[in-house]
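Asker: Construct the entire structure; sequences and hints are all you get.
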Amino acid sequence: MHHFQLLLESIFSRLDETDVRLLLRAWSARTSQEESPEIKTPQDLKRAMEKTGCFRTGDLVVLEKDMMSAGISFPVIVRDIPGVPDEFQYPRIREASVGPVGGEVEIPGFVKLVVPPGALQQETMITVSTVDVPGILRGPEGVNWISGYPWSLDEDACPRELLEQVLFSPAVDVNLHGVQLAEPVELETRRPSGSEGMGCILLKHHDGEGWTDITASTEYQIYPDRISVSLLTFSPLDIVWVPVNMVITTGKWMVDTLSSRTLNCSFAAYAKPHRENVTFHVVCRDRQVETDEYRPGFTRWGYNDAWSDLYHGDSIEVAVTVHGGKEKTELMNLRTMNCRDRNGQNVQMLLDRPTGGGCVEGEVTVKTPRAGRVCQLVFKEEDDVSTRDGTGMRRTSQKRLNPSPLPAVVPEKKKKQQKGGKGRQADQGAGPSGARKDSEARDSEETIEDLITNNYTLLRRRLQVEKLIPHFIERRMLDFPDKQVVMSKTTTSGKAGALLELLTQKGTCKPEEFVEILEKGDHRHVVDQLKITSTRNKITKGDDTGMRRTSQKRPRSSPLPAVVPEKKKKKKQKGGKGRQADHGRGPSGARKDSEARDYFISDVSKYFRYIKTNVAGGWEDLAGELGFSRAEITTIRDRDGNKDYKTRCQDMLGEWQTRKGNDATIDVLMNALEDLELKKVADGLKNKYPELKDQPDGDSSSSDRND
1 MHHFQLLLES IFSRLDETDV RLLLRAWSAR TSQEESPEIK TPQDLKRAME KTGCFRTGDL
61 VVLEKDMMSA GISFPVIVRD IPGVPDEFQY PRIREASVGP VGGEVEIPGF VKLVVPPGAL
121 QQETMITVST VDVPGILRGP EGVNWISGYP WSLDEDACPR ELLEQVLFSP AVDVNLHGVQ
181 LAEPVELETR RPSGSEGMGC ILLKHHDGEG WTDITASTEY QIYPDRISVS LLTFSPLDIV
241 WVPVNMVITT GKWMVDTLSS RTLNCSFAAY AKPHRENVTF HVVCRDRQVE TDEYRPGFTR
301 WGYNDAWSDL YHGDSIEVAV TVHGGKEKTE LMNLRTMNCR DRNGQNVQML LDRPTGGGCV
361 EGEVTVKTPR AGRVCQLVFK EEDDVSTRDG TGMRRTSQKR LNPSPLPAVV PEKKKKQQKG
421 GKGRQADQGA GPSGARKDSE ARDSEETIED LITNNYTLLR RRLQVEKLIP HFIERRMLDF
481 PDKQVVMSKT TTSGKAGALL ELLTQKGTCK PEEFVEILEK GDHRHVVDQL KITSTRNKIT
541 KGDDTGMRRT SQKRPRSSPL PAVVPEKKKK KKQKGGKGRQ ADHGRGPSGA RKDSEARDYF
601 ISDVSKYFRY IKTNVAGGWE DLAGELGFSR AEITTIRDRD GNKDYKTRCQ DMLGEWQTRK
661 GNDATIDVLM NALEDLELKK VADGLKNKYP ELKDQPDGDS SSSDRND
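Heads up: the sequence shown is residues 1 to 707, going by UniProt numbering.
Any given hint might turn out to be false.
Unchecked claim - Here are the simulated DSBU-like pairs of lysine-lysine, each with C-alpha atoms no more than 30 Å apart in a straight line:
#, residue 1, residue 2
1, K467, K679
2, K606, K506
3, K112, K367
4, K467, K520
5, K646, K204
6, K483, K467
7, K367, K483
8, K467, K506
9, K272, K506
10, K326, K506
Claimed, not checked - With beta-carbon atoms standing in for the labels, derived distance ranges:
#, residue 1, residue 2, range
11, S228, G297, 55 to 65 Å
12, N343, I248, 46 to 56 Å
13, E327, E449, 36 to 46 Å
No wet-lab data here; the hints were simulated from the structure. A virtual CB, placed ideally from N, CA and C, is assigned to each residue, including glycine.
Answerer: This is how it looks when you write it as structure tokens:
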């Protein structure tokens, strides 16, 4: 018991005056004690709580709950106090397997997930964890959520008198590991004492998009000791209790506050080589930072995006494993300001070269106690020590980060050229014929990145990931965490896109292996299409840049390329009846091409508002279906002002409209939506815009309204 008293002394010694006021309010409400004005110091509060038997059992759980309700980060307080059990130092986590018959996953006293029969179609491992929201919002020297005020907001963003009235239910995150629910489940979390007569706000986090207030769109029931929320999809959920007359105002600035402390990160490995070792930095940047540059003398050796958002204050473990060497691990507590700096936040190591010298290569793994592994990247030095001068710096200029595995291309070419004469090997095919053969040799060594890039739209639309993943795992090209990343996507094309992204990043799968897996995974039809595309690409080569003209394809041919031929047919008819088909460009010539083009642009844009509202987080899938490349989608996502799904979708649709001109039709959009299994959105368009109901397939331009 003496040890427990020492723990209490250490905990209360870390509280300041604001902490005392917040904790006093929560404790008084739970025990029905009046808030005594005589309780001013941490020791005063500790003695008062002891008198009510708060610590009689020698357990810290009651104190943890009171601090959680008050908005004080208990894990931050106890993390470096010797003797505190691990379960108190980090968010609480529970895992359980639940199947079609239903079941429960519970963190006793904090949260319970109730899965009804039929909600799951298969046996599923479910992970439930608490989220330390006060730890996310706190200031650098404080332990309560107010200590970070005004965060990155204006001083008058929220009324100061409101801050100390806010109470918190345990924030929760649920991970179904990529499995989708067939019907809603109930998430029950503890209701804080003192919240009677207050309004609740439900704030939900979406990776890459920040936080939103879902109170008005969510079904929930409030009970005396808990709140039960009906949910079909999951991401971190925070429930806040505020005075009823401040619900709307508080919801807005709480969303802004939490979003300002949420990081959409990437990790990069930068290195400065020396003869005996390598100075190695793992850099974490928020993706708002648009640069690949780093400190002088450093070269980027590897890169990957985090698989889920991270938060201010997250404690992350960075493990670096060098092939032929040892693993080194460093800890880093994320800071929003540092991660959003141009150079990011880093951990630094000195890596030894492998025994016998040579290039340094290996893996970086990033983990958090809350989410487990959140990122992995491979790094590789691009040349060995023999290419460096005495300072350890390379004599050559910087090379590509991911050099193509083509070392045998030139020697193979030389062998073929020897037959044509002795001089051919020396000039390496410098003549016209040699240049052509050199190009053909390079093209014959297609990498997996080339294959995916040149066929991205086809693969994204046609791959059935569930049939392919087991084959990639069997060959150790992917692992189980990779499967979780892929299966976490909600649409078929989204899963395919995630799979293609992983294969490109890892680079362990050769094109011929990829094709073999497609055949084994019942994708012979895709293989046949790839052969057709490959033949077409070879035929269409030949411009000076060496780029394939067919690399960027439309997802579906537009129904309008026949506008001019249609007009020619109609012009021969009597009575000028061809106006509908030629869109105003009849025999009189009154309609100019520019006017017709403006008509089509304005015609399709009227549907954008409905589409962006209902497609929401699926806008990237829609962009891929409309022919945007991965790089173009990333550019739109990271563009200034595109802070939510709707603005990004609107920006993408506008850019597509500008690119395609007359070919940007509602018919193309409807087909894309249906290919993405978003038929409900397409049907909703028809219900909202009656003119679409009567449009035959292949012509939804509604040009008759132009007459």
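Asker: All the hints need checking, so say for each whether the structure fits it.
Answerer: Each hint tested on the structure:
1. K467 <-> K679: OK: K467 and K679 at ~23 Å, within 30 Å.
2. K606 <-> K506: Violated: K606 and K506 sit about 42 Å apart, past 30 Å.
3. K112 <-> K367: At roughly 25 Å apart (the allowed maximum being 30 Å), K367 and K112 satisfy the hint.
4. K467 <-> K520: Between K467 and K520 the Cα gap is close to 9 Å, so the pair holds against 30 Å.
5. K646 <-> K204: holds (17 Å)
6. K483 <-> K467: holds (12 Å)
7. K367 <-> K483: holds (17 Å)
8. K467 <-> K506: holds (20 Å)
9. K272 <-> K506: Roughly 23 Å between the alpha carbons, so the hint for K272 and K506 holds.
10. K326 <-> K506: Status holds; Cα separation ~22 Å.
11. S228 <-> G297: 55 to 65 Å: With a Cβ separation near 57 Å, S228 and G297 satisfy 55 to 65 Å, so the hint holds.
12. N343 <-> I248: 46 to 56 Å: At roughly 40 Å between Cβ atoms, I248 and N343 fall outside 46 to 56 Å, so the hint is violated.
13. E327 <-> E449: 36 to 46 Å: violated (28 Å)
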